[in-house]
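Residue numbers (numbering that gives the first Met the number 0), protein chains in the order written: chain R, 0 to 319; chain S, 0 to 538.
Simulated from the structure, these hints should not be mistaken for laboratory data.
Source: prediction; values computed, not measured.
All C-beta atoms, glycine included, are put in the ideal place defined by N, C-alpha and C.
Please note that the accuracy of each hint is not assured.
A short, non-exhaustive set of chain S residues, derived as facing chain R with CB atoms under 8 Å [what the hints assert, rightly or not]:
id, residue
1, Thr35
2, Val37
3, Leu138
4, Gln178
5, Ser180
6, Met228
7, Leu240
8, Glu246
9, Gln400
10, Ala417
11, Val418
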Amino acid sequence: MSARYLLRRLAQVVPAVAGIVIVAFVVIHSAPGDPVLALAGQHGDAAYYAFIRTKFGLDRPLPEQLLVYAGNVLRGDLGVSYVHGRPVVAVVLERLPATLLLMTSALMASSSAGIVLGVAAARRADRPADLAVRVAALVGYATPSFWLAQIAALTLALGTGLFPVQGITDARQAWTGWRYAADVAHHLALPALVLAANELALTTRLVRSGVLEALATDYIRTARAKGLPELAVIRHALRNALLPVVTVIGGRIGMLFTGAVLVETVFAWPGLGQLLLSSIQTRDMPVLLALFLLVSLAVILTNVMTDLAYAWLDPRIRYE
Amino acid sequence: MRRGQRSVVLVALLVSVTWAIPAWLDAQEGSARGGTLVVAISADPGHLNPAITTSGATHTAAELLYNGLLGRDERGDAVPDLAESWTIEQAGAVYRFRLRNDVTWHDGTRFTSADVKFTFEEVLLKFHARTKASMGGALAGIDAPDDRTVIFRFKQPYAPLLLQLDATEAPIVAKHIYQGSDPQTNAANAQPIGTGPFKFTSYRKGAEIRLARNPTYFKKGLPYLDELMMRVIPDPGTQVLALENGEVDFLWGVPGPDQNRLKSDARFRMAQTSYHPGGSNCIMTVSFNLERPILKDVRLRRAIGQALDREAFLRQVLFGEGRVATAPISSELTWAHAHGLNMPSFDRAEAERLLDAVGWKRERDTTRVARGVPGVPDGTRLAIDFLHFPAFSKYGELMRQQLGTVGIDVTPRPLEPAVFAPTVFKDRNFDTNVISYCNGPDPEIGVRRMYHSSQIGPAPFTNAAAYRNDRVDTLFDQASRTVERDKRSPIYRQIQETVVQELPYVWLVETPTTRAWSAKCGGFKAWTGLFAEAAFCKR
Numbered sequence: 000m001s002a003r004y005l006l007r008r009l010a011q012v013v014p015a016v017a018g019i020v021i022v023a024f025v026v027i028h029s030a031p032g033d034p035v036l037a038l039a040g041q042h043g044d045a046a047y048y049a050f051i052r053t054k055f056g057l058d059r060p061l062p063e064q065l066l067v068y069a070g071n072v073l074r075g076d077l078g079v080s081y082v083h084g085r086p087v088v089a090v091v092l093e094r095l096p097a098t099l100l101l102m103t104s105a106l107m108a109s110s111s112a113g114i115v116l117g118v119a120a121a122r123r124a125d126r127p128a129d130l131a132v133r134v135a136a137l138v139g140y141a142t143p144s145f146w147l148a149q150i151a152a153l154t155l156a157l158g159t160g161l162f163p164v165q166g167i168t169d170a171r172q173a174w175t176g177w178r179y180a181a182d183v184a185h186h187l188a189l190p191a192l193v194l195a196a197n198e199l200a201l202t203t204r205l206v207r208s209g210v211l212e213a214l215a216t217d218y219i220r221t222a223r224a225k226g227l228p229e230l231a232v233i234r235h236a237l238r239n240a241l242l243p244v245v246t247v248i249g250g251r252i253g254m255l256f257t258g259a260v261l262v263e264t265v266f267a268w269p270g271l272g273q274l275l276l277s278s279i280q281t282r283d284m285p286v287l288l289a290l291f292l293l294v295s296l297a298v299i300l301t302n303v304m305t306d307l308a309y310a311w312l313d314p315r316i317r318y319e
Numbered sequence: 000m001r002r003g004q005r006s007v008v009l010v011a012l013l014v015s016v017t018w019a020i021p022a023w024l025d026a027q028e029g030s031a032r033g034g035t036l037v038v039a040i041s042a043d044p045g046h047l048n049p050a051i052t053t054s055g056a057t058h059t060a061a062e063l064l065y066n067g068l069l070g071r072d073e074r075g076d077a078v079p080d081l082a083e084s085w086t087i088e089q090a091g092a093v094y095r096f097r098l099r100n101d102v103t104w105h106d107g108t109r110f111t112s113a114d115v116k117f118t119f120e121e122v123l124l125k126f127h128a129r130t131k132a133s134m135g136g137a138l139a140g141i142d143a144p145d146d147r148t149v150i151f152r153f154k155q156p157y158a159p160l161l162l163q164l165d166a167t168e169a170p171i172v173a174k175h176i177y178q179g180s181d182p183q184t185n186a187a188n189a190q191p192i193g194t195g196p197f198k199f200t201s202y203r204k205g206a207e208i209r210l211a212r213n214p215t216y217f218k219k220g221l222p223y224l225d226e227l228m229m230r231v232i233p234d235p236g237t238q239v240l241a242l243e244n245g246e247v248d249f250l251w252g253v254p255g256p257d258q259n260r261l262k263s264d265a266r267f268r269m270a271q272t273s274y275h276p277g278g279s280n281c282i283m284t285v286s287f288n289l290e291r292p293i294l295k296d297v298r299l300r301r302a303i304g305q306a307l308d309r310e311a312f313l314r315q316v317l318f319g320e321g322r323v324a325t326a327p328i329s330s331e332l333t334w335a336h337a338h339g340l341n342m343p344s345f346d347r348a349e350a351e352r353l354l355d356a357v358g359w360k361r362e363r364d365t366t367r368v369a370r371g372v373p374g375v376p377d378g379t380r381l382a383i384d385f386l387h388f389p390a391f392s393k394y395g396e397l398m399r400q401q402l403g404t405v406g407i408d409v410t411p412r413p414l415e416p417a418v419f420a421p422t423v424f425k426d427r428n429f430d431t432n433v434i435s436y437c438n439g440p441d442p443e444i445g446v447r448r449m450y451h452s453s454q455i456g457p458a459p460f461t462n463a464a465a466y467r468n469d470r471v472d473t474l475f476d477q478a479s480r481t482v483e484r485d486k487r488s489p490i491y492r493q494i495q496e497t498v499v500q501e502l503p504y505v506w507l508v509e510t511p512t513t514r515a516w517s518a519k520c521g522g523f524k525a526w527t528g529l530f531a532e533a534a535f536c537k538r
């Protein structure tokens, strides 16, 4: 891949982000609802509502608000949260690590387990093990994550007592060092598992069908004829089968974030998903815009990274 | 001091002592000092300054850090807190408070009357929406003639003051922290300094707030707990599971379907209360838009009232947690709540008869049509919309079902709170709606806004019906100037009799909430924001 291609792809990010800022701004500000009510409560008088409106510039015409906002974004200023009264960047950054941890864990777990299960199912195609994996994948794909989260909390947490049902750490202990890490991992297990379930199902189905297809090709027959060990044969088949999987994983970052909103709410995981939900409820527009911007950027950059992964997975692909 | 005023002070002192004894005995019985209490809260408060907001999230999380001039006892009456006594002068136009001299802020600075004057003038009357709206126009000035005296002067007698001075309505903040700054952006909002039973330790945004025992708290011996942790758990179902799993000790509310399970479990204790930092003594109320011709005839509104089985709302929506409303003012405000009113009782046949009498006739369709209804073209279907918060969707379903049986077609329109308020109060684009109107500790705070004609307008959660009655306006004005409760009660009775006759609203159910806590803990005062001031946990 040439550096020129990479630069060109990254340059395309700029107009895409500008478009996102404008569309998101217009959509959010055109949606019904008034942040002033959420801020001032239900007992304010007209003068107080006017004061709040002026304070946050909400009394100005929408195009003027958009210009001011766009100018601020260009200077790296995403504004001040109506609800939190602090810079949006700080509000978002303090929640980012929790969501990154949750999404990365879920993505890694679903990708690695999906590959293992998909390969296992493909190697035992149409046998009971394959059937079981296919049915489980279908059920996993069709199950809404908020329901699965409730069931997991009831059975695996309350039922066995092995897992906590909420939070990122134990409320009664202020651990440090490795015990803190272990505490976080203990709290992470259930939400990550629930968030991973849907992705796991999809990855398993894709890997299974990809590997099945690859196993029937001539180069695999040749590899087997040369007497290659089965593990090496699978590795060859998997490399080709992974192309669509990488495409899907890259494209599903946004979906994973959607799942994180629900999972974070059920498990009281203090991340961006919870922040997004509460910001929608309170019409905290600067925070909402920042979150849309962040997620859009993540999706765009993941797509660039997916392109890079293609070239690594398939040496025939060249970008000029 | 007049004899009557002296007795008010004496009664207040007596009540505060009798209130303190059971909490003290509880603690002695448990012989529990120390330990950590974990409290589930539903939302991240954003900041911890309850003086600049009426947000329930902030008040729930922050009130234990502060005090008001006065507190409230279990019956809702005022008791001493930062002020140890008070007198009422000039028939209620002047209130004089004597402050305690043993109070210090969490940073060691001495608390004085200057803090009170500053808090009201620079913070509460500018940023606390309820205090600003109710007291702002009535107050003439606040004086602090010496360190221990605060005088509130009103333009005319002002009745509700004593119930507007607790940590929910008027938490006192430190002048030396906020002076010369914008109270809304002061860094202390995230690292607060108060006078309350607990001191701020840490705040992890969106996750938890840790408070520690204030060793220099002016109420000697209190608090019992070493540490109090507020854990943000947005989902009510998860809150209950966390309590059952031993991860939290105290819940502010329990969803109806979970209540029986917790009730039958010896590991937990429960109590009902009408107090909530976001609004107390709430009644789910159906508003009629009186500006719509279809709803102008009181017989139609009475027919709707009589077609509604309010017991069914209590059973099916609240799972029995509450009471059918028997008056426009909450039964928790015992002195203002009227008994024996002619509230519309559930009588479907009478509802049908009234509708026929107005001119709403049953024809081929199941929905009635207008035949000679004044102001309504003949042939108009009796179809109304019903706006509600998404959380109140069951009210919409029951309304549609129950009114459908008498030939009224109801279309529920769920709207988020931020959309609901401007639609109802600014655009007035609705026929009917349901609102949880909270009466507050005094009818002047939460009832007047529903009926007084000055309260029709864009400000949300005011007079949704756009009800106008000069006599009712006059009565409310008279009640606000009358300090003695025994003289205010008959005024509020007259108001309630009138509005029950004219029915701008139908009052469905009173909605107290259920607190739940681990049986290992006790000493909670569910009726105040300082709910854990005397709490303890046995470990």
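Verification of the supplied hints:
Proximity of threonine 35(S) to chain R holds as hinted, the smallest CB-CB distance being about 6 Å (cut-off 8 Å). A hinted interface residue such as valine 37(S) counts as satisfied when its beta carbon comes closer than 8 Å to some beta carbon of chain R; here the least separation is about 4 Å, so the hint holds. Checking leucine 138(S) against chain R: minimum C-beta separation of about 14 Å lies over 8 Å; hint violated. For glutamine 178(S), the shortest C-beta to C-beta distance to chain R is roughly 19 Å, which exceeds 8 Å, and the interface hint is violated.
Contact between serine 180(S) and chain R, as hinted, is not supported at the beta carbon level, the nearest pair being about 13 Å apart and thus beyond 8 Å. The beta carbon of methionine 228(S) is positioned within 8 Å of a beta carbon in chain R (closest approach about 5 Å), and the interface hint is therefore held. For leucine 240(S), the suggested interface contact is upheld, since its CB lies about 5 Å from the closest CB of chain R, less than 8 Å. Taking 8 Å as the C-beta contact cut-off toward chain R, the hint placing glutamate 246(S) at the interface holds, the least distance being around 6 Å.
Given hint, glutamine 400(S) at the interface with chain R, is violated; its Cβ is 27 Å from that chain's nearest Cβ, farther than 8 Å. For alanine 417(S), the interface hint holds, since its Cβ comes within 8 Å of a Cβ in chain R; the closest pair sits about 4 Å apart. Because the beta carbon of valine 418(S) sits about 4 Å from the nearest beta carbon in chain R, less than 8 Å, this interface hint is met.
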